[in-house]
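Chemist: Sequence:
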Amino acid sequence: MSEEIVFAKVTEVLGRTSSRGGVAQVKVQFVNNKDRSLVRNTIGPIRTDDVIVLMESEREARRLK
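For the sequence shown, the numbering used here gives the first residue as -15, with consecutive numbering after it.
For the record, the hints were derived by calculation from the structure and aren't laboratory data. Hints are not guaranteed to be accurate.
[Stated by the list, open to error] Pairs of lysine-lysine residues, derived as DSS-like cross-links and limited to a Cα-Cα distance of at most 30 Å, are as follows:
#, residue 1, residue 2
1, K18, K(-7)
2, K11, K(-7)
3, K49, K(-7)
4, K18, K49
5, K49, K11
[To be verified] Using C-beta positions, here's what the derived DEER-type ranges look like:
#, residue 1, residue 2, range
6, I(-11), N25, 17 to 27 Å
7, K49, N16, 31 to 41 Å
8, T32, G6, 12 to 22 Å
Note that this is a predicted model, so its numbers are computed, not measured. Think of the CB as a built atom: it goes at the ideal place given N, C-alpha and C, for glycine as much as any other residue.
Required output: the full structure, derived from the provided sequences and hints.
Modeler: If you want it as structure tokens, here you go:
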């Protein structure tokens, strides 16, 4: 099973959730395709301009309320 690894740059931290704020919802822009962006949930410390690796790049997270 071959999965494509995609690099994405964090453009905005939208908010934090979970009981201790350990999960951050971020907006990312693909490094190889500047026209495409997604909202994803990430675990751990993260800030704007970080580059993350997406093992699955089709799914988008629901917005926090």
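Chemist: What are the numbers of the hints that this structure violates, sorted from low to high?
Modeler: none
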